[in-house]
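Trainee: Keeping the supplied structure of chain R fixed, place chain X upon it in accordance with the hints.
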Amino acid sequence: MKAKIIITPKKAVLDPQGKTVQNALAQMGYTGVAGVHIGKYIEIDLAPGTDKAAARTAIDDAAHKLLSNPVIEDYTLEIE
Amino acid sequence: MNFAVLQFPASNCDQDAVYALRLLGHSARLVWHKDASLGDSDAVIVPGGFSYGDYLRCGAIARFSPVMQAVKQLAEKGGLVLGICNGFQVLTEAGLLPGALIRNRDLQFHCEYVYLKTATPDSPFTHRIPAGKTLRVPIAHGEGCYYADEETLAKLKAGNQILWQYCDAGGSLKDTANPNGALQNIAGICNAGRNVAGLMPHPERACESILGSDDGKWIFESIFATLNDQPAPARG
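Line by line, the protein sequences give chains R and X.
FYI, my numbering numbers position 77 of the first sequence as 77, with every residue one higher than the one before it.
FYI, my numbering numbers position 122 of the second sequence as 122, with every residue one higher than the one before it.
The following block holds chain R by itself, in its conformation from the complex (with noise of 0.2 Å):
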């Protein structure tokens, strides 16, 4: 089982990786790209036999306090 948490920059900040990104993908010619944000991808495999909601509420958790600064970026959480 894995939790798999993807954090983002929150639509209110600058996010300056973004915006070159995206100008360097309409300098190559993609066109039809109204907004690149990047973020994080953080995988984190859980222990054999571990209790699936469990895991959420400290996930969850942890996420708030040390993956994610709420100050500035939202996350979404998942297990599988």
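Errors might be hidden in some of the hints.
[Claimed, not checked] Calculated pairs, DSSO-like style, for lysine-lysine (alpha carbon to alpha carbon, straight line, at most 30 Å):
(1) X/K34 / R/K40
(2) R/K65 / R/K19
(3) X/K155 / X/K174
(4) X/K174 / R/K11
No lab work stands behind these hints, which were simulated from the structure alone.
Mentor: Just chain X, lined up with the frame of chain R:
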């Protein structure tokens, strides 16, 4: 006065801070990140660098170190804490200061001199800075763009918590004088209690004229004067 200068793995301005404090006539010692006590320190400097390799986010791991629990306790008792550069990032991650420091708007690491306008003399960190003086101090960071949501920013302004802003040599707050895209040209702030402050520029690297500027000393002189006037805080 006795200063504690924290030392995390990959701190690299810790020695500079100790040197500057001693140069200015005070006692300073390094406190390792695994220490849970600050001893008999009167104030704490959280120095610049790349604590824990800047892994995950700048300051994100350092905030959970044992020494930071002692810093939090000192701050809660009213002790003075100054975070410089990475130290500022650590203090925002720790929730001791509002907002966050994000990637510079041009994605470049900036290593250069900037000018600072002191936004208020009303803090333990600014009250000895000569009125109207712009401070010339160096910066060296890739993630120094101060960000806070509108509500937080309004609170900072209402509470007079913005301490330093990037300006030009004449003291004007121009966008061209803003090296990193920080909101409102913010270079440094303090907490609502006014005893915890952070700034991206490096005053400890500008304390003697042989280094190009001694303007940074005014920030430390403000701290010394505050400590002289106050009873020692309950110690961590």
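Trainee: Does the structure break any of the earlier hints, and which numbers would those be?
Mentor: none
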